[in-house]
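J.: Dock chain B against the given chain A, drawing on the hints supplied.
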Amino acid sequence: MQSNKLGWILLAPTLVILFFFGVLPFIYVVYVSFHSWNPFAANPDMVFNWADNFRRIVFDEEFLNSVGVTVMFVFFAVLSELIVGYFLAQAFMKEFPGKAIFRTIHTLPLIMAPIIVGSVWKLMTTPSIGIIPHYLDEWFGISMNIGTSAPTAFATIVLMDVWHWTPLVTLTLIAALVSLPPDPFEQAQIDGANKRQIFWHITLPMIAPAVVATVFIRLMDALRTVDEVWMLTGGGPGSATRFVGVHIFKEVFPKTNYGYGSTISVIVLYLTIVACWLLYVTMLAPRTKKKG
Amino acid sequence: MANVTIDNVVKRYGSVQVMHGVNVDIEDGEFVVLVGPSGCGKSTLLRMLAGLEEISAGAISIGDRVVNDIPPKERDIAMVFQSYALYPHKTVADNIGFPLKMAKRPKAEIDEKVDKAAAVLDLTPYLARYPKELSGGQRQRVAMGRAIVRDPQVFLFDEPLSNLDAKLRVTMRVEIKELHQRLGTTIVYVTHDQIEAMTMADKIVVMRDGRVEQIGSPLDLYDNPNNVFVAGFIGSPSMNFVHGMVGMKDGQKRFVSDGGTVLPLPETDAQEGQQVIYGIRPEHITVGDGGVPMNVVVVEPTGSETQIFAKSSGDLIDALVKDRIFARPGSEIGFVIDPVNVHLFDRKTEERI
Chain A
1 MQSNKLGWIL LAPTLVILFF FGVLPFIYVV YVSFHSWNPF AANPDMVFNW
51 ADNFRRIVFD EEFLNSVGVT VMFVFFAVLS ELIVGYFLAQ AFMKEFPGKA
101 IFRTIHTLPL IMAPIIVGSV WKLMTTPSIG IIPHYLDEWF GISMNIGTSA
151 PTAFATIVLM DVWHWTPLVT LTLIAALVSL PPDPFEQAQI DGANKRQIFW
201 HITLPMIAPA VVATVFIRLM DALRTVDEVW MLTGGGPGSA TRFVGVHIFK
251 EVFPKTNYGY GSTISVIVLY LTIVACWLLY VTMLAPRTKK KG
Chain B
1 MANVTIDNVV KRYGSVQVMH GVNVDIEDGE FVVLVGPSGC GKSTLLRMLA
51 GLEEISAGAI SIGDRVVNDI PPKERDIAMV FQSYALYPHK TVADNIGFPL
101 KMAKRPKAEI DEKVDKAAAV LDLTPYLARY PKELSGGQRQ RVAMGRAIVR
151 DPQVFLFDEP LSNLDAKLRV TMRVEIKELH QRLGTTIVYV THDQIEAMTM
201 ADKIVVMRDG RVEQIGSPLD LYDNPNNVFV AGFIGSPSMN FVHGMVGMKD
251 GQKRFVSDGG TVLPLPETDA QEGQQVIYGI RPEHITVGDG GVPMNVVVVE
301 PTGSETQIFA KSSGDLIDAL VKDRIFARPG SEIGFVIDPV NVHLFDRKTE
351 ERI
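First to last, the protein sequences are chains A and B. My numbering applies: residue 1 is where the first sequence begins, and numbers increase by one. My numbering applies: residue 1 is where the second sequence begins, and numbers increase by one.
No lab work stands behind these hints: they were computed from the structure. Mixed in with the good hints, there may be bad ones.
A few chain B positions that, by computed beta-carbon distances, are all more than 12 angstroms from chain A [to be verified]:
hint	residue
1	A57
2	K73
3	D76
4	I77
5	D94
6	E112
7	P125
8	L164
9	P218
10	G235
11	V242
12	M248
13	P293
14	E332
15	K348
In silico lysine-lysine, BS3-like type, Cα no more than 25 angstroms apart, as pairs [unchecked claim]:
hint	chain 1	residue 1	chain 2	residue 2
16	B	K116	B	K73
17	A	K195	B	K116
18	A	K195	B	K73
19	A	K94	B	K73
20	A	K195	B	K107
21	A	K195	B	K101
22	A	K195	B	K104
23	B	K116	B	K104
24	B	K116	B	K203
Source: prediction; values computed, not measured. Idealized CB from N, CA, C, for every residue including glycine.
Next up, chain A with everything else stripped away, as it sits in the complex (with noise of 0.2 angstroms):
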């Protein structure tokens, strides 16, 4: 019993600051979300409204929309991160001269703030300013401009989302190809298998844990990116990056649609654990339900 007191006392000062940084402003959010409150309209007062924020989302184009560059974005991001940072980890799994030297400036991207990363890429892609523009259009006749093709902004911040956030899946695939015993990769390779069905069958099945939990982070991470994307094409053009966080952002801030705002963060909310949940669905849990 004392040491149950003690343990409570000792977790006490985390969870106030839980409660009244995650939890309140939480409930105040879904409290919000089923009233209309715009204070610069012309009733600036919040009405409860039942609903019908949530009648209006269904029909909202513009959110739908959102959505779906969002998804597509996470999909295409997540991927590549995934294989960028798997065929980096196993590189780094081997001994070669600069290795350490490498690996550092390989995780510098990690340590800056996304609105810095944000800005990097402005420089870096805007049009007769930037490195990037300048070269494809010299080297290969490429004219690049953000500001104007939508694929090539989507494409754009695809790749800086790579850029930044595969170090850390590298850094976790090393951490689990490292603990992964030497053996069964021995015996493998005298039962007969190629380098091909080493991967699928054995490190793949092996490392499967550490791959999902790093797709959960990114997954998450990735869902509510705002900060990059608003400095690079702030949701532009049109709305070909206008992601469900700048989709908020946008509503909330410039619009100050402080109800119908709260009222996307609670259905982006749902729809992220609906996603975190399928995927644990479809990769972790039969394997444990077999072995259980």
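T.: Using the frame of chain A, we list chain B on its own:
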């Protein structure tokens, strides 16, 4: 099935040479045990046979094919690791069937062979389980099952029984030997346990520091060890060694230890005054009248036999006798040594005389 030839094989890690020209000929269907203390190179040699380590010089052939540059998967060998190396995410059936699946055999054939192997190894009730749900002995058998479904040319065993408890080890020893008798496939087996080597092998290869010390049948090594190392390594409890020289007494050659103990000698080419090491196995000493007088230090009764440690002029000699002997420490006892069982080694080279 195939014979295996290890011809003057050398292994270097950078500038460090760890194996110095090893030669072993293994006949088709033979059960060969590589034995030696830790670090003697026996596991490295096995891994070179498997293709998991490169061969720095020399050649290894399986059948009539030199396999130096052939990858493990094309060598047609099966290996059982000390850790069993089971695939943790696959069921017992999938583990056993894995080599066949990699060889793209039809599903029906895989199922049939897996069922057959499981029946042989008493694993049928466990086919749907995962490795972590099995006991050590069962995991060991799954690893063996995975080896036998392939019907390889050679089986390689790397200390497969080291992780099992003493009782299970004896059972598995019998099972592996039985398996060899039934399949007749060539087996190369690595162990540091000389009892495993003695009980299972057709031929034992004793190794030390990357060299082969002696090759022979178990009884051959027991009766005629080439040097002090083999004599001390083979046999349990290990042979007594007494340092001294050859002397003369009553017109006959006798051994006189550095401490002055006089022990009987067989017919020998050793010259009077030659410095030698005198070896006698504990089980070749009997207790009786007219023996070498010794002072009892410790008596260890085990029920079926009694081990007596006794001293004479500073030389400690250990005897293992079938009788129950009740001697008090400090009392005098006679050790009778039949000269026929005595081994003499040169003191400098430690080679047999």
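J.: Each of the hints needs a verdict: does it hold here or not?
T.: Evaluated hints:
In this structure A57(B) is separated from chain A by more than 12 angstroms, as the shortest Cβ-Cβ distance comes to about 23 angstroms. With 12 angstroms as the threshold on Cβ separation, the claim that K73(B) sits away from chain A is violated: the shortest Cβ distance comes to roughly 4 angstroms. At the 12 angstroms boundary, the C-beta of D76(B) falls inside the reach of chain A, the nearest C-beta of that chain being 9 angstroms off. Not every beta carbon of chain A lies more than 12 angstroms from that of I77(B), the smallest distance being close to 6 angstroms; the non-interface claim is violated.
Non-interface status of D94(B) relative to chain A is broken: a Cβ of that chain comes within 12 angstroms, the nearest being about 9 angstroms off. Residue placement check: E112(B) keeps its beta carbon more than 12 angstroms from all beta carbons of chain A (closest about 18 angstroms). Consistency note on P125(B): stated as away from chain A, and its beta-carbon is indeed over 12 angstroms from all of that chain's, at 17 angstroms minimum. With 12 angstroms as the threshold on Cβ separation, the claim that L164(B) sits away from chain A holds: the shortest Cβ distance comes to roughly 17 angstroms.
Annotated as non-interface, P218(B) keeps its C-beta farther than 12 angstroms from every C-beta of chain A; the closest such distance is 28 angstroms. Its beta-carbon lying about 33 angstroms from the closest one in chain A, G235(B) satisfies the requirement of being farther than 12 angstroms from that chain. For V242(B), the shortest C-beta to C-beta distance to chain A comes to about 45 angstroms, beyond the 12 angstroms cut-off, and the non-interface label holds. A cut-off of 12 angstroms between C-beta atoms confirms that M248(B) is not in contact with chain A; the least separation is 60 angstroms.
For P293(B), the condition that its CB be more than 12 angstroms from all CB atoms of chain A holds, with the nearest at approximately 56 angstroms. Remark: the non-interface label on E332(B) is consistent with the geometry, its nearest Cβ contact in chain A lying 56 angstroms away (cut-off 12 angstroms). For K348(B), the non-interface assignment is confirmed: its Cβ lies about 43 angstroms from the closest Cβ of chain A, beyond the 12 angstroms cut-off. As the CA atoms of K116(B) and K73(B) are separated by approximately 23 angstroms, the hinted pair is consistent with the 25 angstroms bound.
Annotation: proposed proximity of K195(A) to K116(B) is violated, straight-line Cα distance about 29 angstroms (limit 25 angstroms). With a C-alpha separation of about 11 angstroms, the suggested pair K195(A) and K73(B) falls inside the 25 angstroms cut-off, and the hint holds. A distance of roughly 22 angstroms separates the Cα atoms of K94(A) and K73(B); the hinted pair therefore holds under the 25 angstroms criterion. A C-alpha spacing of about 22 angstroms is found between K195(A) and K107(B), which places the hinted pair at or below 25 angstroms, so the restraint holds.
Restraint check: the Cα-Cα separation between K195(A) and K101(B) comes to about 15 angstroms, which is no more than 25 angstroms; the hinted pair holds. Straight-line distance between C-alpha atoms of K195(A) and K104(B) comes to about 15 angstroms, which keeps the hinted pair within the 25 angstroms bound. Proximity of K116(B) to K104(B) is assessed by CA-CA distance (about 19 angstroms); at most 25 angstroms being required, the pair is judged to hold. With a C-alpha separation of about 30 angstroms, the suggested pair K116(B) and K203(B) falls outside the 25 angstroms cut-off, and the hint is violated.
Of the numbered hints stated above, those contradicted by the structure are hints 2, 3, 4, 5, 17 and 24, listed in ascending order.
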